[in-house]
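K.L.:
Chains Y, H, V and G: place on chain A using the hints.
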Amino acid sequence: MLNTDFLTIIGLDHYLILSSILFSLGMIGVLMRRNVIVMLMSIELMLNAVNITFIAFSKFTANVDGHILVFFVMTIAAAEAAVGLALAVTIFKRFREVNIRFFEHLKG
Amino acid sequence: MNNELLIGLLILCPLVGFIINGVRYNRPNAYLSGGIASTAIGISFVCSILLFIELLNLPVETRQIHVRFFEWITVDTLRISAGFLVDQISAVMILIITGVGLLIHLFSIEYMHHDKGVTKYFSYLNLFVFNMLILVLGDSLLTMFVGWEGVGLCSYLLIGYWFTDDQKAAAGMKAFITNRIGDAAFILGMFVLFFSFGTLDLQELNALAPAVAETSWMGAATLGTLFLFIGATGKSAQIPLYVWLPDAMAGPTPVSALIHAATMVTAGVYMICRLNGLFISAPNTMMIIATIGGLTAVIAASIGITQWDIKKILAYSTVSQLGYMFLAVGVGAFGAGMFHLMTHAFFKALMFLGSGSVIHAMHEEQDIRKMGGLRKYMPITHITFLFGWLAIIGIPPFAGFFSKDEILWMSFHSPLGHPVLWAMGALGAAMTAFYMTRLMCLTFWGKSRVPASVHPHESPWLMTLPLIVLGILSIIGGWVGIPHVIGAVLPGHPENVLGNWLGPVMKAIPGITEGDPETEWLLMGVSVAIATISAIIAYQFYVRKTEMPGKVAKALGPVHTAVYNKYYVDEFYFAGIINPIVEISKNIWYYIDVNFIDKCTYWISDLVKSAGGIVRNLQNGNLQQYAMYVAVGIVVILSYLITRI
Amino acid sequence: MKLVFPGIADLIHISPLIALFLCSLIPITIKIFRGNKEQPAVATLIQGLIGIAISLALLLVFGGTGQTAFADNLIFDGLTYWSGFIALSAAALSLFLMYENPSTTGDQFSELTFLTLNSALGMLILTSATDLLIIFIGLELMSLSLYLMIGMSHEEKLSKEAAFKYFILGSFASAIFLYGTAFIFGTAKTTNILAIMEQSPDLMETHKLYLFGIVLIMLGYCFKVSLAPFHAWTPDVYQGAPTPISAYMATAIKCVSFTSFLRVVLTGSVISSVHLFDILQWIAVITMLVGNTAAIIQGNLKRMLAYSSIAHSGYILIGVIAAGVSQEPSFASTGVLYYLLSYSLMTLGAFAMVALMERSENEIVNIDDLAGFSKRHPILALCFTIFLLSLAGIPPTVGFFGKFYVFSSAIAEGLIWLTVWGVINSVISVYYYLRPIVVMYMKDGDSVVATHSLHATKGTIVATAILIIILGLTSGALFELVQNTL
Amino acid sequence: MGEALLFWFLALVTVGSGLAVILFANPIFCALSLAMTMVGVAAIFITLGAYFIAGVQLIVYAGAVMVLFVMVLMLFDLSGELKAFSRGIFSGGLKLASVGLIAGLIIGAITLSTGAIQTTDGAAAPMHDRTKELGMSLFSKHLFGFEALGVLLLVIAVGTVALARSKGGTHAKH
Amino acid sequence: MLLTTVVFLPLLCALILVFWPQSKTLRFAALGFSIVEFIVSLTILTNFDKGTAQLQMVEKHLWIERFGISYHLGIDGISLWLVLLTTFLTPIVILGAWNGIQDRVKGFHISIFFLQFAMIGTFLALDAIFFYVFWELSLIPMYFMIGIWGGARRIYATIKFFIFTMSGSVLMLLAMIYMMFLVQESTGTMSANILDFYKLNVPFVAGTFFSLQTLLFFAFALAFAIKVPIFPLHTWLPDAHVEAPTPGSVILAGVMLKMGTYSFLRWVLPLFPEASEYWAWLFLLLGVVGIIYGALVAMVQPDVKKLVAYSSVSHMGYIMLGMFSFNIFGVSGSLFQMLNHGISTGALFLLIGMIYERTHTREIVKYGGLAGRLPLFTIFFFIMTLSSIAVPLTNGFIGEFLILLGAYKANPVLAGFAVSGVVFGAVYMLWMFKKVFFGPEGEVLKDVHHPVKDLSKREIAVLVPLVILVFWMGIFPNHFMDYSKSSLDYLVKNMKQYELTVHDPKAPGALQAGVQR
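Residue numbers (this note's numbering), protein chains in the order written: chain A, 817 to 924; chain Y, 8 to 652; chain H, 39 to 524; chain V, 705 to 878; chain G, 2 to 518.
The following block holds chain A by itself, in its conformation from the complex:
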């Protein structure tokens, strides 16, 4: 007899696992994509995953603080995106390159 509870009853686990998968995808993006802009996107992905976690916890523990946290995180994520993109533009203008492997002058 197959237990279908996992499919039918959606609980905290589901949201958390979803968020962890998203988080991992974001990590893979940061770790493996060669384009710096996509790396920035992946970081956004990670932050989104975190937000899901917050909200899920907030809902399942009836704690409204989670919403505030998400609100703050979003703001900061936006700020980060701004700074990241500004930096990306700067280095693109300088190196004419978005492939991360060209930024290896500092090493050793």
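Some hints here could point you the wrong way.
To be verified - Here's a subset of chain A near chain H, in silico, CB distances under 8 Å, partners left out:
# : residue
1 : Ile826
2 : Thr869
3 : His921
4 : Lys923
Please keep in mind that the hints were generated in silico from the structure rather than gathered at the bench. Note that the Cβ used here is the ideal one computed from N, Cα and C, for glycine as well.
P.N.:
Positioned in the frame of chain A, the structure of chains Y, H, V and G alone reads:
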């Protein structure tokens, strides 16, 4: 006069002489510096005579003068003071040292007056006398050791006196180092005695020695005396440490006379006599001493037969004679040992000085093959040398006869002795007679083989005077020890003066019996006969049938080669001991220091650096790689936690 | 729902922060009014310094009371007091260096000052925050300002790369930190560490996720204070960033991050999990080894100092661990604070020395470039020697006493094995700290300072050198002083 | 059941578009996929009753941030970029493995822990709007954070402008 | 205040020299200062009470209250002569460096005074951390001295020196901290005071390495053993000596090595008596190995200075041997030998420096026949050689004899091996002496354009005090040993429950155990 002052003067005069001459080391005036040095020794000589008289005036039971100047080393129970003891034994010694020393100083003035470093020479000589006096007067083993090392040092300086010659410098070094080996053993001996008896004072040691003879080899007295004896073999050139003495002939000849014949080399004998109470309680040691002494007497004499260098012959003769002395003390005849020490000092100093005179005359030539017939040119030297010769081969009534005879007799008669020991002594006597006669023949007698360029001449009076004095002493010196059997038949019944004088401080050999006069006479006759025959053969060989030695040598073949090459002992020491040590040292330096310890430190530093290299390689500038480290770090930490909790 | 509105007391508490923010606005406002033209750099410098001074004064007056503000979001205790003091001082000294460094001075100095002051503001928030969210905000304010500051360097290549690397990795670490916060929020139902402190042992028992949350948060800190294996950004960024900013990062950021880390550790997470404590020990050991071994083979002075900074993080972590396991954490905390102070002093001095050698913004200062330095500048060479010896931990400098206190606290907790690693590493470190001294004194060369007019930099160097000795000799009194406020 | 279906659908959307973000070679597609993800996340927020947050998510993320991304992408000349991933098979494998392990470990911890978290049943709880509650909290308990965020945004604004104007920035002479 | 003056006067001198004008007067000023310091230090002698083993002239001020660390100076019979040796050697070194050091003269003299400050501090400090501060501090000036004024491989040598010595001492620091906590455990307050350390009873378990006392013992011993240095930790020494400038070598050999041996007496033996006794075999063995090994390796050195450096290894082996024989002979011998080594090896280094100034080489093969040209030099060298090979009536003999005596009491077999050092010592020194001074004139004398001159008056003035001491100590050792007798006696007899108190001159006699009148 005050005893302290006397002893102080006695010891310090040579030191003052050393300092004066040492300060003016670069003024080459032989007469002035020699004068200073001789005066110093002269004062000491006078002091010794005064001390001797003082001693004579004391009653027999308390016949000693003991002064302590200051505490030298005081650590817990080790209390050594700068204390000096004049008793019967050391009184004899200081007389010999200062007396013979004075003569040799005088001889040196003339002998060395061409030399540029003569002032230095005299300062060394004075320093030597100073140290020798400390050696004989020191009241404890440690003070004795001061002189013991000091004389070794002076010997080093004087052997290497002509230091620009590499070989001479090396000879000095050899002497010092060989002595040092002995000294190391001496130090160990002191330790053994100190921790067993709690003192290093000579008299106390004698008194504390076990009353019953020690049979164990590991007993304190045996072990201690054995170590001391090893020390003595170094200083007194006995097997196995005798090798330095022949080389020591590199020094000026008067030095050989003073240090390597009359005084320093006898220090070992003196030391054993000094500690006779202790040594006698260690029969095992005594046996070894006697054996070594006998062996040395024979072996050194045999080498002496084949040598061509006048001084080398005398050197081997000295080694051989020292062997006699050890034979004497080894069988417990301390008095005989001292007696031979004294007569030997006279005649061997005489012979060395005589050879010096010859060398002087021959313009520094030492090879007796280039001499011969010198009798004509140097009558005084010849005559005095003749006395010395007679004395050493033991022809009565010359000094050597009495002392040697007493030794041979005691080695036969003493409970510690053995006929084999006597046989060795007799064999040695025969050989001695042979090579000394050979020396006489080749040097003074026979045809002259002197090169045409050399014009031998008699030495000036300052050199001949000491020869004459010593020559006389070589004749009459033995009369202080006329043995009882002879004395009994002579008019006026001369007693064994020396024996009686030393008697109170010499412990009797346990179990000695009254000797059988017939046997004594017999042995005496035998030894004189051997010596005479042997001398006659030598005369035949080297004056009459001069082709014979070559034939004999050829007949003996390898034996002769071995003896001629001194049994290859030096070679053995070099190949077997010295070179391996040097090689090992090089290797341990190279392999342990440079290649192991340092390599280890390099290895550690390389390890650190290569770790740094790894980190550097990880730090490859790739951003994603860095992020990966974070990810891997998280994985490791989380999985660790999962597995642990 | 109970609402707590902030009152005037809260405002007084955060007055240093407010002052810092307001003063930071002055230079850019003036720039706006001047029609987007830079005012003389010295004026900007003075304004910035005034801002820091006011803030510092307010902090010293009102701080250190141990009171909380803004609904327990902030706390103003001894840790805040001292680390704020160190951070603000470091900011002031770094401003001096920025003022004279070719890669930071001139054009846009007022913006730089603005960012510097605001990043200092972020630091003050970070060091006083007790809520993980506020911590995060402080962290971000501090870091984002720094990313921008590095990116604004006049040097055109390496600084951009450094800024970008720092940014990506920093954001990555922030995300991880945040994820950890989320777990804690979910399990402990609050993000306030004062509130967590009480339930921490229970949670540790029951909730894996809580433990993971704590771990992820710690990793976020480990990244900020550059502990191995999260250190990789440090050498690159320190090297690429303008030297004054490297100095600022190495000192102020490390100081406040460690203080905040300490605050989190003191919640009891470490005590209740012996395994966390094991992990931190290993991190400390690896960090020290990585930093010291890599520093040995560096030729670039700044890079070497960066690795040395990593290594020092390891030493400090020893103190943090000791504080975490201790029953009486104020002892170890004082050690950590003293170490941070000492480390800040000597690192600032050392970076100032690097700044002194830079003729242009593109200049790379290698250790070998110091050859013959001592002959031309004996006093500066002596000062540098003092910095390096202090970094190596030779008495009686502050560096020695820093290590002494940290190791003492560790030994008091029985962490002997850890301290053995610590001292082994300090021996390794001697090797590379001696190298600049060797080059300066024992090799001939024509090394000179960039220009002779770098008075502020020189002043910084001499002042820190003197302080290193004086604070070393009076370290006992200082220790008492700090411990009494904790 | 419908709720479950909705969840699985949204999960599929977010994960699928998330996957697309990291798989597409062309960054424009990535950006569009990211926007899709954001929308999906917003929808999940709604299912979790966070309406306000969902709105903010749509406005800030899907609106502002994504536009920013796309604009920046337009600035760049990306014709040369044909491959999505960095080179290195070994390191790639290691990266994948470690991320996978992290995910696995966290999921494991989640499944172990959620039982202990006292969940008020999400489905049972009324889905009322919490925006007011949120506002109250924001201006009382979280006032400081809010103000700090304000400062942060100002700093970012000034800073990015300054960065853009800096010598090495967009106006740099090449 | 006397000890404070003695410790800090050199620092003051260094500070004055910093501001002294760069002129010829600098050297005179430095010489004058050092002589003043010596005279001041001599007043210790007049104020010293020979009859007590307690600490005298103690000064104590709390420094770091929380840790019980204090500024704590005091002197007893063990440290007395080492302090005087330091102050005595300094003027000699300064005078000896008159011509040798021409580069950065000011820095050099500052280093010397700084070094003197650190060394005296090490000998007088009675507080663990205070001691450690001085201990480490002394590395720095020596590091500079070797590194700046040294020979061709000076950098390698100086770094090796620094890292070797440092790596030992850090573990000691940990051990010290640990002991401070032990004090806290037993008395309630933390203290780094050595007097409190002495009162500790550190648990000891025989037969294992991992017992507390053993570990602490080795932590301390390692630091000191490297400094001494004991075989096989000695390899820094030859390098450091060879590369160091003459003054550096003199101070290194003369005083710095003594810091290690002194510290054994001050710290290791009384603090960890059981462990010391249990592990004595190791140190005795290493001492003997060091004696023989140093001598053998010295024998084959091609470089005079390296030879003397290895001879130091050998001599320090004697000192260790004496110390770990735990009887009054060995211990007083090793203290005496510390002074001897300082004087004779210091003098040898000075002499080598003098000849190096003239010939610019130290290779033995290039010398030869110096005795003919440089008689004065030869005489001085010979006297120092004698002292080095321990000929009676020189200082070396007293030390070596007592050490061997003590060692014999402790372990006759090892002593037997050690005695061979007497022979080897003579071998390498005399061999070198022969090669350098005797034989035909060597390469260095053949340069007709630069004839090698004999010693100048200045150089004679440098050497004469040393020669006087060689004989003074050799002939009247009691003049020196009397001062340390009480302390050493007390140490040997009460090692197991060693405790020191502060000597109150008004109430003498409390702690005179074992003093023999």
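K.L.:
What hint numbers does the structure not satisfy?
P.N.:
Violated hint: only 1; rest satisfied.
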